Structure formats: structure tokens, C-alpha cells
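Residue-level listing of the chains:
Number of protein chains: 2
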Amino acid sequence: MAGQINIIALEGVPLVHPGDDLVEIIINALTLSNECLKNDDVLVVAQKIISKAEGRIVALDSVSPSERAEKLAIELGKDPRQIELVLQESREIVRSKPGVVIVEQNLGLVMANAGIDRSNVVQQSDQEYVLLLPVDPDASSNRLREKINKRLGVKVGIIINDSIGRAWRVGTTGHAIGVAGLPAVIDLRGEKDMFGKELLVSEQAVADELASAASLLQGQASEALPIVVVRGFKSNATNQTAKALIRERDMDMFR
Amino acid sequence: MAGQINIIALEGVPLVHPGDDLVEIIINALTLSNECLKNDDVLVVAQKIISKAEGRIVALDSVSPSERAEKLAIELGKDPRQIELVLQESREIVRSKPGVVIVEQNLGLVMANAGIDRSNVVQQSDQEYVLLLPVDPDASSNRLREKINKRLGVKVGIIINDSIGRAWRVGTTGHAIGVAGLPAVIDLRGEKDMFGKELLVSEQAVADELASAASLLQGQASEALPIVVVRGFKSNATNQTAKALIRERDMDMFR
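Each protein sequence line maps, in turn, to chains B and Y. Residue numbers for the first sequence follow the numbering used here, so the first one is 1473 and each next one is one higher. Residue numbers for the second sequence follow the numbering used here, so the first one is 1473 and each next one is one higher.
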């Protein structure tokens, strides 16, 4: 039998609000989609609904830009309140030019705008809101995994994914920013190829590949399909968090 | 009905040799796997078997390193014959340090070692062989697509994928280095989010996401599963080549 992986987007996911119980939402969506969860399924959840459930919504009017933010905002042609949030959410500005600011976000992710998003957030009357990344998406993933195990009795893997751009490629792809219950990187070094020759460099970022696979169904324009089940991915490697995907600073040749 | 994508690895793919007819190999593997191809399926084919079929195998003993290659090889602690090939296959060295050389490969791909691979190539007696990337993987993809259409009557998309590392992330993911019969990047700019707000930046590199999804089944240690069918990916966007995924030099902030 040929190897097979199925990627299933759940329907019936409502708008998520701060404080919502995502496990309840997942269980309802499974029922409405006539699907279930099995052991070793990987549940890929879009960052946006995690951030919303965790209340990471900020009204721009509530932000007081620092002097540094004001200055940088003029340089880059951006909203100083948004730049203030970018600075708060980041360890370092990696590159910037008018219209673009690439940072090392507090989680170690090198990305534009610290992952702060203005789309798909309810904009009330004259107030404008933005969404920050979860504070600790690995912990969020682990909590979700444990609650699902308690409620449904199954042991699933969890990935929280976000669409992130790349240095030399056009367009974003799904990246795993939170991981629980599965390996993030499979280390093939030391294994042999088909001809018995030892592989020199071979680490496969499977959690990012799973995040990308799910992203194909989630799309980006709307968040109608933020919860995706990936079934059939097998690995004997040890479980890791998304931290395993962050390249250490002293291995970085591009800053 | 919930959206669904199925990823199916074909069994029964033999060792590929220069001059082999890949369409013949694909048709045999479909039969042996009890699978078929349908319109709009995406066939993801590992770079290695394309390179082998196209005879991109080089015996290291046949390579005469230039003075520049000899010098660089000492600096980097690498085989001067391999460095000679890296230089021939590249437009520019982007970064290098002992043990690592990152180049802009002739196709515009920023990657280690110009994608030259020593694993999964038959090593005969005392001869050592390496595998170069295909000369024009977009053209290879297009030829494959047309031949399959002629033989089987179906219109499929083709992706040639390779495992490529990233600047700030650990591990490789599947990347599309050749594309035919499907969009590579979906441009969502100008579309509205769920609340009618216009999306500012939103280009999704779907061909890379498809390449990554397939890579989950292909693995890297052996090339036993180099051909994968992805079924259920839908898009109304225009067909492109893999060139659409290469960021233009003047948009590059990291060289």
C-alpha cells in the first residue's frame, strides 16, 4: 500500500473572541464536519484564532508610541502606534526600509512586523484593532493537546501555524510557531542513503512542512477554515517544541 | 463538505538512470500502487530522479578544479572538485565559512552547495559521483506535463521539488524548483478579509507549500518514494513557472 496523508479542513468554526474555549469550538467543528480525531492526528490551528482566544487584540488608540517609535515610524512611513507594538514584541530590528520592517520577534522568529496583523480583526466604528502573536505558542499547543486528550481520550499532535515570508522567495508559507506532541525537526544525520552512504547534512523541518500543508486549505484571505486535521504523518522521532526550529544566533550567517 | 487534500506516495519506482523515460516510470508506479491520475492532480517529483534521468551525474575524478576553486576549498575545508562544480553551477557566492558555502545557484535559488548532492548516487568502486540540479526544471516540468497529457489524456500540474534550508530556521523543507500547469504564488493583495478590510500584503507561495506537503512522504534518507500525487488542491489563479517564486535581487534585503 502506498503511503498517504490526508489533510482535512474543518467547517463550522465560528468567529473567535477573547476567552472562547477552543476545545469546545474544535469539538463542535468536528461534529459539523462529520469528522473525528484519532491518535497521532496532527491538528493544525491558525495563529489568529489562538491569539484571539487568548485576548491578544490591541486597540491602536490605546498605544502611546515612544520617541524611538515616532522617529522610526517617520523613517519607514508607518503608523507610530503600530511601530511601538512592533518594538515591544521584538528583541531586535534585523532590517528596515520604507514600508518594511523585519525583526527578531520575541519568540525568536525572524519576520516582518513582528507578526502583527490588521486583517481579520473586527474593526469597530472608529477604533482600529490589531492582533499580536500568542505569548507562548508552545505552551498554548501543549494546553490544547492535554485538554483534547482529557475530553476525547485521543493523543494528537498540535501545531499553531502562521504565514511567514522568506528571505529569498516570493510569498509566504505556513510555519510552525507552536508545537506539541510531535517532532518539529527530524534528524537524519548518521542515517544511510539507499546505497549505504552516510548522510552528511539532513535535518527535515517536518513541523513547518505540516504547517505548509495545512495552509493550502486554510488560505489567507478569510479565516473561515482555521482548523485543519492532518492524518497519516508517521515518525518515530522524539517530540519537540517549536523552539527546535529556531536557528541559534551563532549559526546565523544572514544578520 | 469540508475541504480535503490527499497526498499519495507512489510505490514501485525503480532506480532511475540517465536516459530513463520518467513517464514510463510514472505510469508503472501508478499501476503498481493501484492509483490513477485525474485532471488537476499535482504530481510532485523529487529533483533527484529528474537530475538522474537527465544525466546530471558527474564523476568527481573528471573535474579539474580551477585555481579559484583550489583556494576556496582550502579556506572552507572542502573537496576542490566539489567546489569547482559549485562555482560552475552558481552566479555568486552569498556567504561562506569553513564547512558551509551558500550561493545563488544558476536558477536564482539561494542555497547551500548549489544543490549538489553526494547521497543517493551509485558510488562505483573507487569512483565518486555527485548529482547536479536540472539545467531548466521549469522546462522539465512542462515536458513531463505534456507527455503525461499525451499518454493518459489528463491535465495535471507538475512540481519538481528539492529539500532546501532556510536562513533562520533549522532543517530543510520541500521547495518547488520547477513548476508547470499550476500557479506558484497566489496573489491575495486587493482581496478582502472576512470583515471587508483590504489585505495589504498577502502572497501565498502555494507551490512551495505543495512541495513541502509531498516532502512529508518522500523523506530524505532514501529515494524510494520520489513521486507523490497531491489531489484536491484548487485555485483559479493563473499558471506560472517556478521563476515566480524567486525574489528579485533589488527586493533582497539579506545580501
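Calculated directly from the structure, the hints in this document are not laboratory data. Just so you know, not all the hints are guaranteed correct.
Treat identical chains as interchangeable: a pair holds within one or across any two.
[Stated by the list, open to error] Think about it this way: if two alpha-carbon atoms lie no more than 20 Å apart in a straight line, the pair counts; the simulated SDA-like pairs of lysine to any residue are:
hint : residue 1 : residue 2
1    : K1550     : M1725
2    : K1569     : S1674
3    : K1543     : G1580
4    : K1569     : M1723
5    : K1706     : N1478
6    : K1569     : F1726
7    : K1543     : A1709
8    : K1622     : I1497
9    : K1550     : I1565
10   : K1622     : P1490
11   : K1510     : R1567
Please read these numbers as outputs of a predicted model, since none were measured by experiment.
Going down the list of hints, with the structure as the test:
When the C-alpha separation of K1550 and M1725 is checked against a cutoff of 20 Å, the pair qualifies only between copies, where the shortest distance is 18 Å, while the shortest distance within a copy is 29 Å. Proximity of K1569 to S1674 under the C-alpha cut-off of 20 Å is restricted to the inter-copy arrangement: shortest distance 19 Å between copies versus 35 Å within a copy. Taking identical chains as interchangeable, the C-alpha atoms of K1543 and G1580 are never at most 20 Å apart, the minima being 25 Å within one chain and 36 Å between chains. For the homomeric pair K1569 and M1723, the shortest alpha-carbon distance between copies (11 Å) is at most 20 Å, but the shortest distance inside one copy (25 Å) is not.
Taking CA atoms no more than 20 Å apart as the test, K1706 paired with N1478 passes in both settings, with 12 Å inside one copy and 15 Å between copies. When the C-alpha separation of K1569 and F1726 is checked against a cutoff of 20 Å, the pair qualifies both within a copy, at 17 Å, and between copies, at 12 Å. In the homo-oligomer, the alpha carbons of K1543 and A1709 never lie at most 20 Å apart, since the shortest distance is 48 Å inside one protomer and 40 Å across protomers. Taking the shortest alpha-carbon separations for K1622 and I1497, only the intra-copy value of 15 Å comes in at or below 20 Å, while the best inter-copy value is 48 Å.
Proximity of K1550 to I1565 under the C-alpha cut-off of 20 Å is restricted to the intra-copy arrangement: shortest distance 15 Å within a copy versus 34 Å between copies. For a Cα distance limit of 20 Å, the shortest separation of K1622 from P1490 qualifies neither inside one copy, at 22 Å, nor across copies, at 55 Å. For the identical chains of this complex, K1510 and R1567 are neighbours neither inside a copy (43 Å) nor across copies (45 Å), given an alpha-carbon limit of 20 Å.
The structure is inconsistent with the numbered hints 3, 7, 10, 11, although it conforms to all the rest.
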